[in-house]
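So the chains spell out like this:
Number of protein chains: 2
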Amino acid sequence: MIAFTPSPPYYAVIFTSVKTDKDSGYAEMAHYMEKLVINQPGYLGHESARSELGITVSYWESLEAIEGWKNQLAHRIAQEKGKEQWYASYRIRVCLVEREYGFPNT
Amino acid sequence: MIAFTPSPPYYAVIFTSVKTDKDSGYAEMAHYMEKLVINQPGYLGHESARSELGITVSYWESLEAIEGWKNQLAHRIAQEKGKEQWYASYRIRVCLVEREYGFPNT
Chain A
1 MIAFTPSPPY
11 YAVIFTSVKT
21 DKDSGYAEMA
31 HYMEKLVINQ
41 PGYLGHESAR
51 SELGITVSYW
61 ESLEAIEGWK
71 NQLAHRIAQE
81 KGKEQWYASY
91 RIRVCLVERE
101 YGFPNT
Chain B
1 MIAFTPSPPY
11 YAVIFTSVKT
21 DKDSGYAEMA
31 HYMEKLVINQ
41 PGYLGHESAR
51 SELGITVSYW
61 ESLEAIEGWK
71 NQLAHRIAQE
81 KGKEQWYASY
91 RIRVCLVERE
101 YGFPNT
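First to last, the sequence lines map onto chains A and B.
In this text, residue positions in the first sequence follow the working numbering: the first is 1, and each later residue adds one.
In this text, residue positions in the second sequence follow the working numbering: the first is 1, and each later residue adds one.
Since the hints were made in silico from the structure, they are not lab data.
Hints may contain errors.
Said to hold, decoys possible - The calculated lysine-lysine pairs, modelled on BS3-like cross-linking and capped at a C-alpha distance of 27 Å, are: (1) B:LYS81 / B:LYS35; (2) A:LYS81 / A:LYS22; (3) B:LYS70 / B:LYS83; (4) A:LYS70 / A:LYS81; (5) B:LYS19 / B:LYS81; (6) A:LYS19 / B:LYS35; (7) A:LYS19 / A:LYS81; (8) A:LYS19 / B:LYS19; (9) A:LYS35 / B:LYS81.
What the hints assert, rightly or not - Label pairs and their in silico Cβ distance ranges: (10) A:GLU28 / B:TYR32: 36 to 42 Å; (11) B:GLU34 / A:PRO41: 22 to 28 Å; (12) B:MET1 / A:PRO41: 44 to 50 Å.
To be verified - Listed next, the stretches of chain B that the computed footprint assigns to chain A, with coverage defined by at least 3 CB atoms under 8 Å from CB atoms of chain A: (13) 4-18; (14) 24-37; (15) 53-62.
Everything numeric in this text was worked out from a predicted model, so none of it was measured.
Heads up, the beta-carbon is just placed ideally off N, CA and C, and yes, glycines get one too.
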């Protein structure tokens, strides 16, 4: 689903990843993180797609909200497992969304 | 491939889309756009994934570079075809990338 976000400015975190072939436990953790993140303070929405590359973009009210999610305890454990096992490589880009438009026109 | 981008600040355009089932000509146009964009002034890289949702993030030196690509003639024709036929809906978010980090650490 395309995320329904408020008028800019707000923040986006672009998480781009390449997975290893060690998939054990990944789907469960991803599902659990999706359930957790929606209750995180300052969370606005997220979008996800995976083919060769995985891209997840999450949207946030503020840098403080992003920091809060980064440091959330279960999420920190997931991050460690990710580096140990699931991800061959990833990039995280923290961005200020300045402008947004779409189709059908809104 | 994860895009290799310079130190922030630079710009990102997050293009999130839901396709229709009218796929005719889409793959050819997407392939042609990928060939064109890499020669566009101010282009820094892009990343793409599609499952239920499609997400393409392109990276740019400046807002002027983004505007240049938006108005590129063949790209404008592709945008029109996209609205007529290929996309049920999409959102475009123009963002200033403020911070970037990754794994393995860089």
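How the hints compare with the structure:
no., hint, result
1, B:LYS81 / B:LYS35, "holds (18 Å)"
2, A:LYS81 / A:LYS22, "holds (11 Å)"
3, B:LYS70 / B:LYS83, "holds (14 Å)"
4, A:LYS70 / A:LYS81, "holds (14 Å)"
5, B:LYS19 / B:LYS81, "holds (12 Å)"
6, A:LYS19 / B:LYS35, "holds (26 Å)"
7, A:LYS19 / A:LYS81, "holds (12 Å)"
8, A:LYS19 / B:LYS19, "holds (25 Å)"
9, A:LYS35 / B:LYS81, "violated (37 Å)"
10, A:GLU28 / B:TYR32: 36 to 42 Å, "holds (40 Å)"
11, B:GLU34 / A:PRO41: 22 to 28 Å, "violated (39 Å)"
12, B:MET1 / A:PRO41: 44 to 50 Å, "violated (34 Å)"
13, 4-18, "holds (count 7)"
14, 24-37, "violated (count 0)"
15, 53-62, "holds (count 4)"
Checked against the numbered hints above, the structure violates hints 9, 11, 12 and 14; every other hint is satisfied.
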